[in-house]
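**Q** This is what each chain is made of:
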Amino acid sequence: MEKIREEIKEIVRQALASKEVDLILAWEKGQLWYDSYPAFFTEEQGVDSLVWDQFCVNNLSKYLLDDGMAGQKVGILVKGCDTLAFNQLVQDNRIIRDNVVLYGLPCSGMIDPAKVRREGLDRGLIKIKKTGDQLIFVNKEQQIKVLPTQVYYDKCLTCHYPNPVIYDRLIGEKVANETLATHAGRFSAVEELEELSTKDRFAYWDQQFSKCIRCLACRNICPACSCEQCTFDDSELEILGKAKENSEDKFFHLIRAYHVAGRCVDCGECSRVCPQGIPLEKLNRKLIKDINELYGEYQAGLDPSIKGPLVTYQLEDTDTFTAGERGRKQK
Amino acid sequence: MSVIASDAVIKKEAGFEPLIVAFCCNWCSYAGADLAGTSRLNYPANIKIIRVPCSCRVNANFVLRAFQRGADGVIIAGCHPGDCHYMTGNYYTRRRMSLLKNLLEFIGIEEARFKIDWISASEGNKFAEVMNDVLAKVHQLGPNRKLRDSRWRR
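Chains as they are written, first to last, in our numbering: chain A, 1 to 331; chain B, 1001 to 1154.
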């Protein structure tokens, strides 16, 4: 990754110098070891602080919607999951493709700081090296070898698009997809819940939703949640009041998940940013699973020219509510 | 319109009177309700009909809001696929509401509380049947507490 980082910096410097782009969206290192946060680069000199490491998990695509981006040529560093998000924003007519230069970065997975802490690997941590299939955590006394599956984000373990699906320029070598071939298993958590009784399922979700503090981080990070005006911002509608009311939490989470149905690229950012640890990806994946089963396999963000499943229809569609021949899908 | 609930339903539980919101498409199901009335068919007064231009006018917010503000059951009734006054509206309803129904079930809402059905203008019988059926099931389930706003008072 260090090697590629230098290459990225060089490319970014050149792009800024030649005025190919007005600004570049990338990551910068923060004060803490796991801190790689989004940053704008407009000056050639500033590029030294650009970083590409295994904590660059933030999806930068949504920053393209910022007011400051209007009328500018923007360069952006994108991973596989980010390109799906980018395509979705193009499909939703929120970004003009020609105004953006995509620098694709193959990504083999990002490290979850919470997992590192749980394993106790963060004590005295100096740096993290990657050799072959293993990660080496170097601290003062020793070097600890760790398998990536132990510390990568859950969403990275089921990732199906480690390589960018769209780019103007690819930096680095494409990574093999087989190493992360657990994509088919991404619905297992959903299936487990489906097996439970109605009562148990409600108990589970009631407890999860009641944790919500309504910070709206899940909405703000989501590349599919890109409306200019959001119904949850309108205080006169009394949809989200100031009182902590469980029914409003449920309302919010159901509508959030349902509103991105058919457009959710399953990047897993919502559950990653949730400070309360609500497993929001299970709601999204339930919808994706149903869409796949009922209306055919669909991956949002793969091809902006294909219409999403909820804005189109087939005459012979099935449904889940009428009895009879085309009735409820049997589990 | 006849508003006498069937005896079976009334006897079941005297204390609990379910409130059921039915979104009826203007062109088919609302006319179906009319026909049920003019045909002197019984369907319960617990059903509050809200007329919508097309079943696809109903979105997930409407359904959840109804549950939040006191409904014990929600019904969406529209034209049969292929009969939509606006040609394609109910095809979208079919996809959207299939997903919503599954999602509500997924978070643990009883399946019988949310009913979607196709009722044409000539199906007065079916209209009464569906309404009675939902009421009977909701009666069994009891009041909806899961999605209701705790500040709500009837």
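Note that these hints are calculated values from the structure, not bench results. All C-beta atoms in this analysis are idealised placements derived from N, C-alpha and C, irrespective of residue type, glycine included. A portion of the hints provided could be inaccurate.
Taking beta-carbon pairs under 7 Å as the criterion, some of the chain A residues facing chain B (in silico) [what the hints assert, rightly or not]:
(1) Phe40
(2) Glu44
(3) Leu310
Only some residues are given here: those of chain B computed to face chain A with a beta carbon under 7 Å [what the hints assert, rightly or not]:
(4) Asn1026
(5) Ala1060
(6) Tyr1091
(7) Ile1116
(8) Asp1133
(9) Leu1147
(10) Asp1149
(11) Arg1153
**Q** Taking the hints in turn, state whether each one holds.
**A** Each hint tested on the structure:
Because the beta carbon of A:Phe40 sits about 36 Å from the nearest beta carbon in chain B, more than 7 Å, this interface hint is broken. Because the closest C-beta pair between A:Glu44 and chain B is about 49 Å apart, greater than 7 Å, the hint is violated. Look at A:Leu310: its Cβ gets to within about 6 Å of chain B, closer than 7 Å, so that hint holds up. Interface restraint check for B:Asn1026: the shortest CB-CB distance to chain A comes to about 21 Å, outside 7 Å, so the restraint is violated.
With 7 Å as the threshold, the beta carbon of B:Ala1060 comes within range of chain A, its nearest partner Cβ sitting at about 5 Å, so the hint holds. Hint on B:Tyr1091 holds. Least Cβ distance to chain A is approximately 4 Å, under the 7 Å limit. With a cut of 7 Å, the hint placing B:Ile1116 at the interface with chain A holds, because the nearest CB-to-CB distance is about 4 Å. Hint status for B:Asp1133 relative to chain A: violated, with the closest Cβ pair at about 11 Å, above 7 Å.
Interface hint at B:Leu1147: satisfied, since its Cβ lies 6 Å from the closest Cβ of chain A, which is below the 7 Å cut-off. Restraint check, B:Asp1149 versus chain A: the minimum CB separation of about 5 Å is within 7 Å; hint holds. With a cut of 7 Å, the hint placing B:Arg1153 at the interface with chain A is violated, because the nearest CB-to-CB distance is about 14 Å.
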